[in-house]
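Based on these hints, arrange chain A on the given structure of chain E.
So you can see what is in the structure, the chains are spelled out below.
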Amino acid sequence: MTDTLSTAPAPAPRGSRTRRRIPLRKPHRAPRRTGPPAAFGGPLTAIPWALPALALVGVLLVYPFMRSVYGSFFEDNGFTSRWTGLDNYARLADDPIFSRSVLNTLMWVAGTLLLPVLLGLLIAVATHRMRLGVVAQLVIMLPYAISGAATAVLWDFMLTSDGAVNQVLRAVGLDGLAHPWLLEWPHNTLSMIVASTWQGTGLNVVLFAIGLRAIPRETVEAAQLDGASGWRMFRWITLPQLRAVTVVVVGMAIVNSLKAFDMIWILTQGGPSRSSETLALTMYRETFRLFHVGYGSAIALVLTVIVVASAWMYLRRQMPSAARD
Amino acid sequence: MGRTMRNLFVAGCVVLWLVPLYLLIVNALTPAGGYTGEPDWLPGDFALLDNMRTAWDEAAIGDSFLNSLLYAVVCGAAAVVVAAMAAFAVVVLPLPRPAAWFWLIYSGTVFPLQIFLAPLFGLYADANLYDTRLGLMLIYAAWAVPFAFFLIRNQMTTMPPEATEAAMLDGASFTRIFWSIHVPLLRSGLGAAFIFQFTAVWNDLLFGITLTRSPEVQPVMAALTTLNTAYSASGPPVILAGALIVSLPTLVIFLVFRGLFLRGVTATAR
Numbered sequence: 001m002t003d004t005l006s007t008a009p010a011p012a013p014r015g016s017r018t019r020r021r022i023p024l025r026k027p028h029r030a031p032r033r034t035g036p037p038a039a040f041g042g043p044l045t046a047i048p049w050a051l052p053a054l055a056l057v058g059v060l061l062v063y064p065f066m067r068s069v070y071g072s073f074f075e076d077n078g079f080t081s082r083w084t085g086l087d088n089y090a091r092l093a094d095d096p097i098f099s100r101s102v103l104n105t106l107m108w109v110a111g112t113l114l115l116p117v118l119l120g121l122l123i124a125v126a127t128h129r130m131r132l133g134v135v136a137q138l139v140i141m142l143p144y145a146i147s148g149a150a151t152a153v154l155w156d157f158m159l160t161s162d163g164a165v166n167q168v169l170r171a172v173g174l175d176g177l178a179h180p181w182l183l184e185w186p187h188n189t190l191s192m193i194v195a196s197t198w199q200g201t202g203l204n205v206v207l208f209a210i211g212l213r214a215i216p217r218e219t220v221e222a223a224q225l226d227g228a229s230g231w232r233m234f235r236w237i238t239l240p241q242l243r244a245v246t247v248v249v250v251g252m253a254i255v256n257s258l259k260a261f262d263m264i265w266i267l268t269q270g271g272p273s274r275s276s277e278t279l280a281l282t283m284y285r286e287t288f289r290l291f292h293v294g295y296g297s298a299i300a301l302v303l304t305v306i307v308v309a310s311a312w313m314y315l316r317r318q319m320p321s322a323a324r325d
Numbered sequence: 001m002g003r004t005m006r007n008l009f010v011a012g013c014v015v016l017w018l019v020p021l022y023l024l025i026v027n028a029l030t031p032a033g034g035y036t037g038e039p040d041w042l043p044g045d046f047a048l049l050d051n052m053r054t055a056w057d058e059a060a061i062g063d064s065f066l067n068s069l070l071y072a073v074v075c076g077a078a079a080v081v082v083a084a085m086a087a088f089a090v091v092v093l094p095l096p097r098p099a100a101w102f103w104l105i106y107s108g109t110v111f112p113l114q115i116f117l118a119p120l121f122g123l124y125a126d127a128n129l130y131d132t133r134l135g136l137m138l139i140y141a142a143w144a145v146p147f148a149f150f151l152i153r154n155q156m157t158t159m160p161p162e163a164t165e166a167a168m169l170d171g172a173s174f175t176r177i178f179w180s181i182h183v184p185l186l187r188s189g190l191g192a193a194f195i196f197q198f199t200a201v202w203n204d205l206l207f208g209i210t211l212t213r214s215p216e217v218q219p220v221m222a223a224l225t226t227l228n229t230a231y232s233a234s235g236p237p238v239i240l241a242g243a244l245i246v247s248l249p250t251l252v253i254f255l256v257f258r259g260l261f262l263r264g265v266t267a268t269a270r
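These protein sequence lines map, in sequence, to chains E and A. Here our numbering is used: the first residue of the first sequence is 1, the next is one more, and so on. Here our numbering is used: the first residue of the second sequence is 1, the next is one more, and so on.
In short, the hints are calculated from the structure, not lab data. All C-beta atoms, glycine included, are put in the ideal place defined by N, C-alpha and C. Among the clues, some could well be false.
[Said to hold, decoys possible] Non-contacting residues of chain E with respect to chain A, defined by C-beta distances greater than 10 Å in every case (computed):
id, residue
1, R67
2, W83
3, A93
4, L183
5, L239
6, P240
[Said to hold, decoys possible] Simulated restraints on C-beta separations:
id, chain 1, residue 1, chain 2, residue 2, range
7, E, L114, A, V256, 30 to 36 Å
8, A, F9, E, V59, 46 to 52 Å
9, A, T158, E, T219, 24 to 30 Å
10, A, T132, E, V194, 35 to 41 Å
11, E, Y89, A, T157, 38 to 44 Å
12, A, A230, E, Y70, 34 to 40 Å
13, A, P161, E, I47, 17 to 23 Å
14, E, R91, A, R97, 51 to 57 Å
Excised from the complex, chain A in its bound form:
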């Protein structure tokens, strides 16, 4: 394969990948009223902020955006702490049958969500958790624990056991060992796990449409789906502006914390 061929292939792929993104931005710039019914290929007026405002206020992306921010930050952080504690128990402490515990907790990432949905719906209806923020946060936290556990556990096994032993000789309690030795040393691993789970919760659609109904509770991807059907006739610009809004947090995280982001998603390959 010649060098030219290779360059052409890569350039072609890059262009193909950029075209949809370009169209997304150009058409989110078009004023909603001025949309011709066919996609624009050149930027005309700059109505992005108006479109975003319409999507944010009238289509209620705004409320859901804040909801999802709450869900993703709180559940991501809670899951990381809970998972780190479990990893500490499995790796450092003398938990009997570590393999069984590992699989019990890890099984949550393997199964498709569909296997949990129907009983969860019943459970939530009985416990008055259906369509509440608390209910959604509980399931997000639970769903985020297994993979965070996997990531943190993998990193914790690389820590020399001597660090723990030395701390024990100095008379530190488990709580103290955990918070002043393991947590600081695993900072980047915990960060990677948090970013991974933040993204996962932020991007979730299935739990959102199954376990909630009202716009005040719905996460942002569910709101985007509603927007997509509600505005399909009138305005692709508004819909695309909405898509842009909901993508911003994960895009920013990806661009700023690329190393940590990739560490989470590629952990399974190492």
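Chain E extracted, bound-state conformation:
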């Protein structure tokens, strides 16, 4: 392999004046675009480079994934397991806890689209080209740099029965609105969505801000010449131009809301009496607290299918162009 190249001198010492031949490409010698140059060696040269990544991912992620899918066809309590076919999936259909969990998951998805995404869009548009707008964006981004667990601990302090939220409500004379927020459904799910809005909006603001900056100035100026401003400008110019970003933001927001675990686990552990569980929580409780391992795997698979299906839109965009064929 190196033989073909050895006409070039070995890397000359720095500073030496050896004149190097600069390889010039003539059209007939242009590299074939259909495949890599033969000088790069056979197809096996690359394998050792990809092997460590493949080994880690294969053994610790891909294999467990397959094992989970396989395990979902078993009745398994951690010690003994028995093949039951699709029984676990049939049980899902008439498990009231599972239906409540699906309902909560849907609330999380809807709430995430309504609050962090919409609010993120509004804040990004409002702070765009605004004096101190960058500072405002920084403040709203700040909670995103804090972990989900720390956010949950902070909001636990805010939302407990004698926490800050109720304190404020009582102080302004809205005693009627004060609630034991985390102890009743649906308030627990709703208030946790608000808490995750506090944390997650910053990311959407930043993403939308990137999209806004990418709108060509000419487009905006042309619209201004045509007399568009305010709402019409937003509806007919800004929003269509943000389409690509919106696909990503919405996709990521849905996926993140489906994966939400830390916040709920710390604030309510899915309770009281499993009323605020989402699919991510139900799987964890069934598998590691109740040792219904097979049943938990079935829930995990359902969750995965939902996640992949909703991520498909934005995943397609990320696919490398070489991978599209």
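Just chain A now, kept in the frame of chain E:
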């Protein structure tokens, strides 16, 4: 929409976002014994360091803090190197079926962690890796590889292939090309990937509570959860001081390396 309206809206949002942070700091300042049962709105005594010490020593945040530092630095760095090598194989070298490799490695970021947990637990129990630092580091490294691979691969495709070709003509080996051309040129991309994975490992809770049990091994978010339940009656100040401690590294990284931090998290949108 008037300009005033817009300013009011932004100012309102900023205030709403700052209030919880303000309460976090003010109440972490309150002496643990002097907490009235209701949140304080004005800073009183300055007992932050005492609270932090209590959280660090008695609630064992300290040990976990060091653990997590080890996990996040080592696994972040290892994942970046491994992912960069894989990206090199897919982009530069003639790996057959690059698309298949891409998806095989990338699939790790898409799936929810729940799909891996139960078999991992079994695997770890069989291999005596349950509740060990090594076990946790292995899964963190594996978990960090896919997205780092995605980031680095994207940047590597923007490098002109001529750079590699020129180095090959000069007789450089693949190892040399990788270390003296790609790694230096991709420095910022590798940095962004490292910061992203450092943050991800640091913030992880689910693997921590599933695959470890003892305080000597647990990562910091798991320790914070324990602290939150153990001290819930006696002292919000201690809990909040603990939350402050565990947030410091990522907050500092965010404030110091904002560009690189954002590059990682926004990479999917470009």
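Verification of the supplied hints:
1. R67: Contrary to the label, R67(E) does not stay out of reach of chain A, its closest Cβ about 4 Å off (not over 10 Å).
2. W83: Consistent with the label, W83(E) stays out of reach of chain A, its closest Cβ about 17 Å off (over 10 Å).
3. A93: holds, 20 Å
4. L183: Given that every Cβ of chain A is farther than 10 Å from that of L183(E), nearest at about 14 Å, it holds.
5. L239: holds, 14 Å
6. P240: holds, 17 Å
7. L114(E) with V256(A): 30 to 36 Å: Roughly 34 Å apart at Cβ, these two residues keep to the hinted range, so it holds.
8. F9(A) with V59(E): 46 to 52 Å: Given a distance of about 51 Å, which is inside 46 to 52 Å, the answer is holds.
9. T158(A) with T219(E): 24 to 30 Å: holds, 26 Å
10. T132(A) with V194(E): 35 to 41 Å: holds, 39 Å
11. Y89(E) with T157(A): 38 to 44 Å: holds, 41 Å
12. A230(A) with Y70(E): 34 to 40 Å: holds, 38 Å
13. P161(A) with I47(E): 17 to 23 Å: Hint holds: Cβ distance 20 Å, inside 17 to 23 Å.
14. R91(E) with R97(A): 51 to 57 Å: Taking Cβ atoms as reference, R91(E) and R97(A) lie about 40 Å apart, which means the hint is violated.
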